[in-house]
Amino acid sequence: MHEQVIFPLILFLVIIFGIGIWANKHVRSSNSFLQEYFLGGREMGGFILAMTMIATYGSASSFIGGPGVAYNKGLGWVLLAMAQLPAGYFVLMILGKKFAIIARRYQAITLIDFLRERYKSHVIVIFSAISIIVFLFSAMMAQWVGGARLIESLTGLNYTAALFIFAISVLAYVIIGGFRAVALTDMVQGTIMVIGTVILLIGTIVAGGGIENIMAALVAENPNLISPFGAEGELTPLYVSTFWILIGVGVVGLPQIAVRAMSYKDSKSMHLAIIIGTIAIGTIMFGMHLIGVLARPVMPGIEIGDKVMPLLTLKVLPPFLAGIVLAAPMAATMSTVNALLMLVSSTVVKDIYLNYVKPTASDTEIKRASFIVTTVIGLAVVIFALNPPDLLIWLNLFAFGGLEAVFIWSVVLGLYWKKANKYGAIASMITGMTLYIVIDRFYPSVFGMHTVTIPILTSFLVFVIVSLLTAHKFKDEKLFI
Amino acid sequence: MKDQRFKIAHKEALIGIGLVIINFAIWYGFAYGLGSGDPTEYKYVFGFPAWFFYSCIVGTVFMIVLVWVVMKLFFTDVSFDDEEVDK
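Chains as they are written, first to last, in our numbering: chain A, 3 to 483; chain B, 327 to 413.
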């Protein structure tokens, strides 16, 4: 590996590290530790909000896995990836001002705080907390493995060494700096993701001799590569359309995304973030997946999809630029991992420890607990990532769609529907999760749709029916919504 | 007390749903409307197959512009703190 490639990567780690130390000053001087450590004091402006949203959302799969699939399936996969555009505007518009106002009114620090105040149910708090801890812990491990593999392939270090470099750089700034460090590093990481995408897209088009040449080469190999139906005609319109639920509108139900919708400063920040977020997510998703397709004539015959993006970068760009572009998947992985770590830690500290173990904990105790919990979870992930257990790999498969199915209706209907009550919420959460696992295991792509479709639709119906049937129990309840 | 800010919030959430529907219609309509024929007989725009150019490139740019216009014209600034509103 060329030194010039490594240099931007190291520079990137140094900057990230510096941000953590700077954010730690805020953590130490804040008079509301919980709000500062887990929400950054609700001070995010528009640009940071947009970047932390897209950086948390965009993970290794947007930069490594996705382009690899596009390489094999053609333009149809770019079409599918564009279902992610709504993630840039829809989440902030739907949760929107109402969520921001109510979260402040309830003084909510976590998503579960909101659910607890809205539904007043211990079952919901505990079920939500367990889902978040179990599924996001396994998701974190998977990202951690991905990050280590990436460093391994870029530097030639062995897996264990690569894992420790990755883990230490992430853990250091997250533990000492909290949410503020996560959001600020996300800003740097998100920016690198956008810039890296643009550089590589241009480099690839030039290396391929222009779009017309590349398209002609694709048609010569297999005309289906430029159709919306995939190389083998396997991408049906119905199947591709259901991805709008999984990676577009359903993103509202992801706790790591939703928590960001209560951490911004004011409505101006939100308006700005919607515009910037849509531009950024459009650029990244369009660019990276199109790059995967264009790579095919430029570098034919790559058998492992995950290698397309790194190999292409090293081939079409000069070493220094390649280093910047390869920092993008690193940034994407880190920015996803740090959000998950913060979220799992806040769930343990705020939703379990402060609700059920020690409600009277003093500020010093909370502080100590937060640092300890974040550290222990972080180290536990590293230990599991050394030799990933099958159970966690299995659980990770449900982390994304499963969590959406659990949370989306409890959050959205809880915000907008006065008749939404705890029985409806519990029934819909359990239905969503159970159906997701059952369908995924036994009937994948049932009726030609993505697994997520039926659990989300059914849990909606269950929520509404159960809430209406039990409505008489809640006649006198006063609600804030 | 009816919180006026919630009226605004509800309107904006509906706008969000409207935008997704428009987004989906453009994406789906151009992709499968223009792309369903034989790939060897596709028309091209700026080197890209026409379905791809309109669905994924023009559609995305159009949505970004639309989102920007909607933000400027229909989204209202409100305060998030209850105290300031009560005053």
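If you are wondering where the hints come from, they were derived from the structure by calculation, not from laboratory data.
Accuracy of the hints is not assured; some may be wrong.
Here are the computed lysine-lysine pairs in the BS3-like style, where the Cα-Cα straight-line distance is at most 30 Å [unchecked claim]:
1) B:Lys369 x A:Lys100
2) A:Lys475 x A:Lys122
3) A:Lys267 x B:Lys337
4) A:Lys477 x B:Lys337
5) A:Lys270 x B:Lys369
6) A:Lys475 x B:Lys333
7) B:Lys337 x A:Lys100
- Straight-line alpha-carbon gap Lys369 of chain B to Lys100 of chain A, limit 30 Å: Given that 30 Å is the threshold and the Cα spacing comes to 46 Å, the pair is violated.
- Task: Starting from Lys475 of chain A, check that the Cα of Lys122 of chain A is at most 30 Å away, please.
- Result: holds, 13 Å
- Task: Take a quick look at whether Lys267 of chain A and Lys337 of chain B sit within 30 Å of each other, Cα to Cα.
- Result: holds, 21 Å
- Take a quick look at whether Lys270 of chain A and Lys369 of chain B sit within 30 Å of each other, Cα to Cα. Roughly 43 Å separates the two Cα atoms, so the pair is violated.
- Message: Please verify whether Lys477 of chain A and Lys337 of chain B have alpha carbons no more than 30 Å apart.
- Response: holds, 26 Å
- Message: Run the distance test for Lys337 of chain B versus Lys100 of chain A: straight-line Cα separation, threshold 30 Å.
- Response: holds, 11 Å
- Query: Regarding the pair Lys475 of chain A and Lys333 of chain B, is the alpha-carbon distance no greater than 30 Å?
  - Reply: Between Lys475 of chain A and Lys333 of chain B the Cα gap is close to 27 Å, so the pair holds against 30 Å.
Hint check: violations occur at hints 1 and 5; the rest are consistent with the structure.
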